[in-house]
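Number of protein chains: 2
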Amino acid sequence: MELLKEKIKQDGIAVNKHILKVDSFINHQIDPMLMQEMGKDIADHFKDRNITKVATIESSGIAPALMAAAAMSVPLIILKKQPSKILNQDLYQTVVTSFTKETNYELTLSKKYISAEDHILIVDDFLANGEAATAALRLLRMSHATIAGIAVLIEKSFQPGHEKLVSQGIEVYALARIAEMSENYIKFQN
Amino acid sequence: MELLKEKIKQDGIAVNKHILKVDSFINHQIDPMLMQEMGKDIADHFKDRNITKVATIESSGIAPALMAAAAMSVPLIILKKQPSKILNQDLYQTVVTSFTKETNYELTLSKKYISAEDHILIVDDFLANGEAATAALRLLRMSHATIAGIAVLIEKSFQPGHEKLVSQGIEVYALARIAEMSENYIKFQN
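Quick mapping for you: the protein sequence lines, in order, are chains A and B.
With our numbering applied, the first sequence has no gaps in its numbers, which climb one by one up to 202 at the end.
With our numbering applied, the second sequence has no gaps in its numbers, which climb one by one up to 202 at the end.
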């Protein structure tokens with residue numbers, strides 16, 4: 013999506029080979045009009061997939077996922093992070109290990125909001141190692157729903173997340189794909 | 013706002029005198045069309061206040077705040093929760109004590125996103141004790157910005173949050189005000 017690529021070129025900061033800061037329009041300060049356009053773009057890409065619900069992981073995925081859900085007129089489900097590990101029979105639960113933050117957390121989903129008849133689109137802000145997306149997949153599959161695909165705003169294509177998901181038969185749609193980065197240098201993948 | 017009151021009557025669950033569950037349309041599953049209407053209602057209420065930015069606290073305030081910011085065409089700032097207490101000179105920081113969750117956390121705001129010229133509208137999902145809103149106010153005031161008001165979807169008017177904020181000269185706008193609750197009973201305030 014050209015609009016996002018232009019914004020990344022203009023306001024994104026490539027700190028080093030791995031860290032891209034998009035604090036000024038995606039993470040800390042959000043540009044709602046850009047978010048709305050990105051939501052429409054995602055909805056348009058998946059328009060023939062009979063999506064019944066959008067799912068995301070709290071909290072940085074909420075903004076793009078909400079705009080995608082609004083563009084599709086379907087509900088948004090927020091997969092909740094919980095520090096506790098208390099078993100609850102009303103919830104699907106799975107443990108996620110975050111390498112970047114060096115912590116464990118539990119991702120939960122209330123059983124009543126997703127059924128086997130649903131077609132789910134997962135939306136998140138970033139795809140890098142794919143640990144959050146893989147956990148979301150694992151959790152959503154417990155409901156036997158169909159996973160229609162995963163949409164992310166920015167993919168770091170040089171990290172293994174994309175390949176991990178595609179090898180499981182999941183369609184990955186990224187609005188901007190970064191092939192390579194270094195300090196003050198960003199190369200997009202075509 | 014009648015639409016929200018109707019939805020609360022229909023799908024909200026008053027568990028006891030204090031707990032209202034709105035998991036099915038506000039917290040866990042989100043109704044994006046309702047969220048959009050609520051965002052427009054908030055934008056309309058504050059249309060003469062020259063709002064330059066909307067601010068919210070991650071993560072349950074993000075959805076209504078994003079829709080309000082979109083309706084106003086202004087940026088949204090997400091005040092970030094951090095477990096760590098490392099001082100950082102690029103950030104405004106304040107500690108919040110959550111009585112409901114019995115934890116402490118730090119709320120942070122990057123200095124570069126808010127200035128003394130800004131007119132800020134704070135948007136959140138719930139107002140009860142007012143601890144999160146008070147912390148957001150404290151944090152935003154460090155930037156010397158003007159606080160134009162606080163908008164919340166649901167106010168528990170029988171708890172002290174509303175009074176705490178109004179006594180500081182802050183306008184509080186709630187889309188639904190609950191005067192009284194008990195198991196399976198909700199009385200709205202006019």
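Calculated directly from the structure, the hints in this document are not laboratory data.
Keep in mind that a hint or two might mislead.
Each pair may be met inside one copy or between any two copies, as identical chains are not told apart.
What the hints assert, rightly or not - No farther apart than 25 angstroms at their CA atoms in a straight line, the calculated lysine-lysine pairs in the DSS-like style are these:
1. Lys59 to Lys21
2. Lys123 to Lys19
3. Lys33 to Lys59
4. Lys124 to Lys52
5. Lys123 to Lys21
6. Lys19 to Lys124
7. Lys123 to Lys33
Structure-based check of all given hints:
1. Lys59 to Lys21: Cα proximity of Lys59 and Lys21: none, with 29 angstroms in one copy and 33 angstroms across.
2. Lys123 to Lys19: Between copies only: 21 angstroms across, 38 angstroms inside.
3. Lys33 to Lys59: The answer is neither: 30 angstroms in one copy and 32 angstroms across copies each exceed 25 angstroms.
4. Lys124 to Lys52: neither (27 angstroms within a copy, 29 angstroms between copies)
5. Lys123 to Lys21: between (41 angstroms within a copy, 23 angstroms between copies)
6. Lys19 to Lys124: between (39 angstroms within a copy, 18 angstroms between copies)
7. Lys123 to Lys33: between (35 angstroms within a copy, 16 angstroms between copies)
Going down the numbered hints, you'll see the structure goes against 1, 3, 4, while the others check out.
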